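A.B. asks: So you can see what is in the structure, the chains are spelled out below.
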Amino acid sequence: MRDNKPIIEVKNLKKSFKHSKREAGLRNTLKNIFHPAKKTKKFAVRDIAFKIRKGEFVGFLGPNGAGKTTTLKMLSGITYPDSGFVSVMGFTPWEKNIEYQKRFSMVMGQKSQLWWDLPAMESFLLNKAIYEISNEDFNARIKELTELLEAKNLLDKQVRQMSLGERMKCEIIASILHNPEVLFLDEPTIGLDVVAQKNIRDFLRQYNEQKKTTIILTSHYMGDILKLCKRIIIIDKGKIIYDGLISKLIEKYAPNKTITVYLDQEVERKKLENFGRIIQFDEAKVVFEVPRKKIKKLAADLLSSDLPIKDIDIAEPGIESIIRNIFKSGL
Amino acid sequence: MRKYFLIFKNAIREGMIYRIDTLTFLFSEILIFFSLFYLWSSAYGESVTIGNYSLKEMLFYYLAAHFILLTAKNNEITWMIGEEIRMGSFNIFLVQPLDYSKYILFYILGKSFFNTLIFTSAFCVIFIFFGQYLDPPNEISRYIYFIISVGLGFFIHFFFNYIIGLSTFWLGMIQGIIFSFWSTSSLLEGSIVPLDLLPDFLQRINDFLPFKYTVFVPISILNGKIDPDLALFLIPVFWILFLFFLSKFIFKKGIKRYEGFGI
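As they're listed, the protein sequences go chains A and B. For the first sequence, the residue numbers in the numbering used here are 1 to 331. For the second sequence, the residue numbers in the numbering used here are 332 to 594.
Hints are computed from structural coordinates only; laboratory data are not their basis. Misleading hints may appear alongside valid ones.
Under 8 Å between C-beta atoms, here's a sample of chain A residues computed to sit facing chain B [said to hold, decoys possible]:
#1 GLU95
#2 GLN101
#3 LYS102
#4 SER112
#5 MET121
#6 SER134
#7 PHE138
#8 ALA140
#9 ILE142
#10 ILE309
#11 ILE312
#12 ILE314
#13 GLU316
#14 ILE319
#15 ILE322
#16 ILE326
Small disclaimer: the values here were computed from a predicted structure and weren't measured. Ideal Cβ positions, reconstructed from N, Cα and C, are used throughout, including at glycine.
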């Protein structure tokens, strides 16, 4: 391994927010003016720890309010934690070291850093000045990024006239012009249509492969994470409930596949049970469940048998359904 | 510094994009000026002066006051800061190596610069056509003192607006405060009526406040009602320094709160 030291390290990270309860209704609002409701403490992140190595592309997955964005905000220095340790490239983010700020970047899907009324290029030029990018670097980066994102025609376009997908391309360009070593992406594809989502995804994958930029991505779209990240960190109720490879998650929580057999005519159940475990039995449709490793053999056995098979279908329980189950019932 | 110059430039470009809006503004100013003209003409009736203003002087006062409001009051930043904090686009300033107060200052300098260009030319046109009703002063030196005085007033306005904008950190929503501040300051700075027409006690309270240095004092220097005494320039400088340090303090406190809450 070239570099085994983690570029991001998080230990015992905790963050709580104080909430004052606001009850609905005019009467309660008036009451609140004179007797402000007691503030209650709510943990957004409780005791999170992980390490990320250089060049990794990690997905943060979790339902709304799980603590994903709060964690990213602490990593980028927007908020500071109640307690705990964070080191990104050796910096403590909330100290707001300028050196640190020049070496990472953040894209917030729901917030814009572009000048709304001006062509996108003006925002890029401002970032060039903010990050002190040289002319050659800037021109080369603009050329490269607009080619990769097919965004050449957007440079002179007023931001407010852009579609959401076009704007997001420009947000991303603006954020990575200074070639950050670490990149935080908070919902970069939110609200985008399928084509625009795919464009952004393809770009991010290529970019991570070429530049070895360390990327953390949060997204509601499981598709984003499955396509881009090998490793996922699942957060729920402020805690990490899974941290590891997606493939392992599948092996661990979905060890079986299913084979659905469509029959021309009814067959006795007993005869079918010889092949494997049946989980569903209709007149002309039978579903077997078998461990992943035995799937090939079962399929071969079925097809070479004298059963009146019309069609056969091998399926994998989708990762989405696995994760849905995890959120529903826990690990 | 180049980054702040670009912010200045971008603000000017924004102004140029909304030419129509600026022209509409100009049109409404002309309309207001005509209403003032007729209102005060009938208020004067037979009398020669009100307070110690002749009709011509009164009209000139209002014209100058409007010029200052259009070029140096910059209250739009209050709203802008409020929205940025409320909606969270403020986050970017915590992530980028960019100083927020300078960003706001250079932005509004750009806006003011653009407005000054537009409205100076517009007001010159008014002088050419209506000069006989206005009686503008002739001495160049008074105009120079006026410009310096307005420049100081610009910074007083700026820091007030900036601080009120920052109060969003605690209050979440500041429309009401913006409006009350706007109406109070309009009265106390002398953009509603010349301050020497106000009751004595208000004038005395006002002596302890910085507002009059933004509108009333510059105009009074221009129309020759008061002499350009050194104190008239030093007191606002003192106020600017005070407000500058106050704003630093408030920003620091506000940021702590923002970071803690992650609004």
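A.B. asks: Each of the hints needs a verdict: does it hold here or not?
C.D. replies: Here is how each hint holds up against the structure:
1. With a cut of 8 Å, the hint placing GLU95 of chain A at the interface with chain B is violated, because the nearest CB-to-CB distance is about 11 Å.
2. The restraint placing GLN101 of chain A at the interface with chain B holds, with a minimum CB-CB distance near 5 Å, inside the 8 Å limit.
3. At about 6 Å, the closest approach between the beta carbon of LYS102 of chain A and any beta carbon in chain B falls short of 8 Å, and the interface hint on this residue holds.
4. Nearest Cβ of chain B to the Cβ of SER112 of chain A: about 7 Å, under the 8 Å cut. The hint holds.
5. For MET121 of chain A, the suggested interface contact is broken, since its CB lies about 11 Å from the closest CB of chain B, more than 8 Å.
6. A hinted interface residue such as SER134 of chain A counts as satisfied when its beta carbon comes closer than 8 Å to some beta carbon of chain B; here the least separation is about 12 Å, so the hint is violated.
7. The interface hint given for PHE138 of chain A is violated, since its Cβ lies 13 Å from the closest Cβ of chain B, which is over the 8 Å cut-off.
8. A distance limit of 8 Å between C-beta atoms decides the matter here; for ALA140 of chain A the minimum to chain B is near 20 Å, and the interface restraint is violated.
9. At about 16 Å, the closest approach between the beta carbon of ILE142 of chain A and any beta carbon in chain B exceeds 8 Å, and the interface hint on this residue is violated.
10. The beta carbon of ILE309 of chain A comes no nearer than 58 Å to any beta carbon in chain B, farther than 8 Å, and the hint placing it at the interface is violated.
11. Residue-level restraint check for ILE312 of chain A is violated (minimum Cβ-Cβ distance to chain B is 52 Å; threshold 8 Å).
12. Taken as an interface hint, ILE314 of chain A does not check out: its beta carbon lies about 47 Å from the nearest beta carbon of chain B, beyond 8 Å.
13. Annotation: GLU316 of chain A was flagged as interfacial toward chain B, and the flag is violated, the nearest CB pair being 39 Å apart, outside 8 Å.
14. Hint status for ILE319 of chain A relative to chain B: violated, with the closest Cβ pair at about 30 Å, above 8 Å.
15. Of the supplied interface hints, the one on ILE322 of chain A is violated, with its beta-carbon coming no nearer than about 31 Å to a beta-carbon of chain B, more than 8 Å.
16. Checking ILE326 of chain A against chain B by beta carbon gives a least distance of about 26 Å; that is not within 8 Å, so the hint is violated.
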